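Just so you know, the protein sequences line up as chains A and B, in that order.
Note that the numbering used here gives residue 132 to position 132 of the first sequence, counting from 1, and the numbers run on in steps of one.
Note that the numbering used here gives residue 121 to position 121 of the second sequence, counting from 1, and the numbers run on in steps of one.
If you're looking for bench data, these hints aren't it; they were derived computationally from the structure.
Values in this document were obtained by computation on a predicted structure and should not be read as measured data.
One copy or two, either will do: identical chains are not told apart, so a pair holds if it fits within one copy or between any two.
Cross-link-like lysine-lysine pairs, in silico, DSSO-like; alpha carbons within 30 Å at most:
id : residue 1 : residue 2
1  : Lys5      : Lys158
2  : Lys115    : Lys344
3  : Lys342    : Lys82
4  : Lys344    : Lys82
5  : Lys28     : Lys344
6  : Lys342    : Lys115
7  : Lys462    : Lys237
8  : Lys342    : Lys28
9  : Lys28     : Lys52
10 : Lys66     : Lys16
11 : Lys60     : Lys94
12 : Lys94     : Lys128
13 : Lys60     : Lys95
There are 2 protein chains.
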Amino acid sequence: MDEDKRENIEALFHPKTVAVIGATSERKFGRITFENLLKNRGGIQVIPVNPKAKEILGVKCYPSVKNIPGEVDLAVVIVPAKAVLQVVRECVEKKVKTVILISGGFSEAGPEGRKLEEQVVEAVRGSKTRILGPNTLGVFIPRNAVNTTFFPEERFVKPKDGSIAFISQSGASAIAFMEAATFYEVGFSAFVGLGNEADLTETDFIEYFAEDPNTEVICLYLEKISDGHRFLEVCRKTSLKKPIVVLKAGRTGRGARAALSHTGSLAGFDRVADGAFKQCGIVRAMDETELLDYAVALGFQKPLRSSRIAILTFGGGAGVIATDLIEASQHLEMAELPEEVKEKLRGIVVPFASVNNPVDTTGNVTDEQVDRVLEVLYGTREVDGILAIIGLQIIYMGVELADLLAKWAKRGGKPMVVIGLGMGLTLQVVRRLMNLGVPAYPTVRRGVNALEALSQRGKYLKRLEKVGMEDSRRD
Amino acid sequence: MDEDKRENIEALFHPKTVAVIGATSERKFGRITFENLLKNRGGIQVIPVNPKAKEILGVKCYPSVKNIPGEVDLAVVIVPAKAVLQVVRECVEKKVKTVILISGGFSEAGPEGRKLEEQVVEAVRGSKTRILGPNTLGVFIPRNAVNTTFFPEERFVKPKDGSIAFISQSGASAIAFMEAATFYEVGFSAFVGLGNEADLTETDFIEYFAEDPNTEVICLYLEKISDGHRFLEVCRKTSLKKPIVVLKAGRTGRGARAALSHTGSLAGFDRVADGAFKQCGIVRAMDETELLDYAVALGFQKPLRSSRIAILTFGGGAGVIATDLIEASQHLEMAELPEEVKEKLRGIVVPFASVNNPVDTTGNVTDEQVDRVLEVLYGTREVDGILAIIGLQIIYMGVELADLLAKWAKRGGKPMVVIGLGMGLTLQVVRRLMNLGVPAYPTVRRGVNALEALSQRGKYLKRLEKVGMEDSRRD
Numbered sequence: 001m002d003e004d005k006r007e008n009i010e011a012l013f014h015p016k017t018v019a020v021i022g023a024t025s026e027r028k029f030g031r032i033t034f035e036n037l038l039k040n041r042g043g044i045q046v047i048p049v050n051p052k053a054k055e056i057l058g059v060k061c062y063p064s065v066k067n068i069p070g071e072v073d074l075a076v077v078i079v080p081a082k083a084v085l086q087v088v089r090e091c092v093e094k095k096v097k098t099v100i101l102i103s104g105g106f107s108e109a110g111p112e113g114r115k116l117e118e119q120v121v122e123a124v125r126g127s128k129t130r131i132l133g134p135n136t137l138g139v140f141i142p143r144n145a146v147n148t149t150f151f152p153e154e155r156f157v158k159p160k161d162g163s164i165a166f167i168s169q170s171g172a173s174a175i176a177f178m179e180a181a182t183f184y185e186v187g188f189s190a191f192v193g194l195g196n197e198a199d200l201t202e203t204d205f206i207e208y209f210a211e212d213p214n215t216e217v218i219c220l221y222l223e224k225i226s227d228g229h230r231f232l233e234v235c236r237k238t239s240l241k242k243p244i245v246v247l248k249a250g251r252t253g254r255g256a257r258a259a260l261s262h263t264g265s266l267a268g269f270d271r272v273a274d275g276a277f278k279q280c281g282i283v284r285a286m287d288e289t290e291l292l293d294y295a296v297a298l299g300f301q302k303p304l305r306s307s308r309i310a311i312l313t314f315g316g317g318a319g320v321i322a323t324d325l326i327e328a329s330q331h332l333e334m335a336e337l338p339e340e341v342k343e344k345l346r347g348i349v350v351p352f353a354s355v356n357n358p359v360d361t362t363g364n365v366t367d368e369q370v371d372r373v374l375e376v377l378y379g380t381r382e383v384d385g386i387l388a389i390i391g392l393q394i395i396y397m398g399v400e401l402a403d404l405l406a407k408w409a410k411r412g413g414k415p416m417v418v419i420g421l422g423m424g425l426t427l428q429v430v431r432r433l434m435n436l437g438v439p440a441y442p443t444v445r446r447g448v449n450a451l452e453a454l455s456q457r458g459k460y461l462k463r464l465e466k467v468g469m470e471d472s473r474r475d
Numbered sequence: 001m002d003e004d005k006r007e008n009i010e011a012l013f014h015p016k017t018v019a020v021i022g023a024t025s026e027r028k029f030g031r032i033t034f035e036n037l038l039k040n041r042g043g044i045q046v047i048p049v050n051p052k053a054k055e056i057l058g059v060k061c062y063p064s065v066k067n068i069p070g071e072v073d074l075a076v077v078i079v080p081a082k083a084v085l086q087v088v089r090e091c092v093e094k095k096v097k098t099v100i101l102i103s104g105g106f107s108e109a110g111p112e113g114r115k116l117e118e119q120v121v122e123a124v125r126g127s128k129t130r131i132l133g134p135n136t137l138g139v140f141i142p143r144n145a146v147n148t149t150f151f152p153e154e155r156f157v158k159p160k161d162g163s164i165a166f167i168s169q170s171g172a173s174a175i176a177f178m179e180a181a182t183f184y185e186v187g188f189s190a191f192v193g194l195g196n197e198a199d200l201t202e203t204d205f206i207e208y209f210a211e212d213p214n215t216e217v218i219c220l221y222l223e224k225i226s227d228g229h230r231f232l233e234v235c236r237k238t239s240l241k242k243p244i245v246v247l248k249a250g251r252t253g254r255g256a257r258a259a260l261s262h263t264g265s266l267a268g269f270d271r272v273a274d275g276a277f278k279q280c281g282i283v284r285a286m287d288e289t290e291l292l293d294y295a296v297a298l299g300f301q302k303p304l305r306s307s308r309i310a311i312l313t314f315g316g317g318a319g320v321i322a323t324d325l326i327e328a329s330q331h332l333e334m335a336e337l338p339e340e341v342k343e344k345l346r347g348i349v350v351p352f353a354s355v356n357n358p359v360d361t362t363g364n365v366t367d368e369q370v371d372r373v374l375e376v377l378y379g380t381r382e383v384d385g386i387l388a389i390i391g392l393q394i395i396y397m398g399v400e401l402a403d404l405l406a407k408w409a410k411r412g413g414k415p416m417v418v419i420g421l422g423m424g425l426t427l428q429v430v431r432r433l434m435n436l437g438v439p440a441y442p443t444v445r446r447g448v449n450a451l452e453a454l455s456q457r458g459k460y461l462k463r464l465e466k467v468g469m470e471d472s473r474r475d
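Chain A with its partners taken away, still in its complex shape:
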């Protein structure tokens, strides 16, 4: 990507000095954002800017960004819309690399706001200063705790550091989605709220995360696509290296109308999007759960090159439900276990267990038996991926089951997804698996859907190889 733009985005995520323009000591957004930024763990200097204050929360305050001595990488702006233009001009003079405009009251608010937004963009034209927003929460980076949102510390349960970059056209909802994911230890490399995208767009960030070493998978909540052609081209290139998952909302007529009210976007035709997404290797999610679930699976496990799944389950019922969902899925199928494999399994499990696929060990099973069953399944050519369905309401196992499953999942060769049914010990295993980098989900459907995502990506990459081979044969 463009080297200047990379620097602009670096300044967003890893600034050295941040000016908070509109910081205040009153209980307002300007105070919360300032407080949140002060809590960064990156050794980042945070400086309040407010002509009406000498100091805020004990930090020396400047009347304008121009008065701050030394360089300022990032300015976070929380002032009324009508004051924004002047502030942005001062940022350009100060050679601030990037400006986050938290303020609303722009194109989302009507024709006058739209005009104001155009003037603001005009103000940075020709300079090296770029804008994120307006009307955005800005960014949240778990690694260094750079947090420009105005969510009070005690209210936003923050996710941990991880490898998912989350780019979103919705702010509050995306924060809520991330918060929900904290329960299962989902980690993020970055969150970016795009706001009105007057300047920097989703495609700029995809380009950046494509080369970001902390990011394994890129996921996006979108209602509109700012520049369809460039977006698809960048996705096509990026998805060769890193998986991209997109939740494109506003796909129905009424959904598109709702999106229009929300982000002022005119959603395109859904079927066109669907085809184009597929061609560019984008994995499509239909709701927020799928979006983050798919990102976890694709971030943690290799794609499924073929789609024959073997199920290991401690409970018969869950195995049957999973079998139904796999059979009804678009990409997956149940592996047929050869007779000699079943024979081997029969030698491991209790007599009343089932050694067909699903391999139903029943609850009467030990760690050692699970280990041996997995050894057989991992050694079976007719199996491409493993779905392990666990529940620790039974007698023999402890949290160490996570390490055992992770050993096999990490060995590679066959992707593994775990479904952990229950709370208590089972939840402990699920969380430990997630911390060990094994995708683990709390319901049968979510686990099967995650395998679908792995298969979808695998098929895309395989098709590309074939296309590549054919091309080379033609040479």
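Since chain A is already given, all that's left is putting chain B on it; use the hints.
Positioned in the frame of chain A, the structure of chain B alone reads:
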């Protein structure tokens, strides 16, 4: 239902005296079941039976059930399969009302087991003794803590008392499903593991729960249907009074094969089942999450007589996702708010909020504004049901939001479903709502699906009324 059979089932759920045949002080299933039963809160006498012990865990032990002085309502049998026939004969002699055969090794284990099972059934024929099982976990009743399962106390996080009766052909999986539901405060009136259904079947229990005052909704996990004709007839009658939700697993070819390995059942053709289920007013679930989610919604809220949904959301993105799911659903549609309703809403919310449907208040909203918005929506004829999407990462609200939402949900007239996105405070609101009897879910899809279930049941009941009216006109 048959009065004798009702007494048999009463003895399962509300016994006065329970004999645990095969109780032991060793660390085995026989000990755990005995310990679990000792912890009952129903003042129930629990007596161990084991010819090799004088007392077990401090309780006087008898060599045979026949030696116990006084009446025995319920016998819980955990002895090897080959000893079961003799034990059952003794239970018949002792006039035990109901026998739970936990023991496995019967029809699920092959032709010899099948023969043994037939002999056991033969042994109770002509008597008033009935059998649950064999090969079952038995029952778990949160209200009086009658628990015949062999899940150790510290491993099975138990659900609270509630109004859902859960009948299951799978034992371990169903226990795991219930445990998962404890996180969201889902309550159960009873759990019954059917096992091999040598005697008592799912239909007997549906008949019982149809008249059980503690049960508002009946949900079933089934792989086979023991007596299709009677099952459908009982469901048809019951569903006029109480909702029935069925997860019929083994609906695909491979799923049916898996079910055959699991419960020895030959699953019927799925499309036939689907049509028959609909005609009998059964709401069908496709996975375990839907099963319990639908039960919660149908247990807590009235059915949707018509299907126009108004969304109240604090976040635009979640509103758009919900709109897409509603529009793509089979039964639901988005309500069109009349201009004068929008005008009223505009007078309540902040200027940058959206008053179309979804009504997106943005995070900048107070309890009082939520109250007034709901007042308007509840007063709008063009709205049949309410979907409230909340997330408390914002500033102004506390857990009392639950009480406010519950006030409107309980007022009736329009069913309400809540989606709570996030952890922390949001989860507290979700849990409080569930305790107040308002269905609340953690993801957009689960909330929308719950509304679907309410609509499906509403349409069924409405159709019946029309049929009834036509019939009476013909008279």
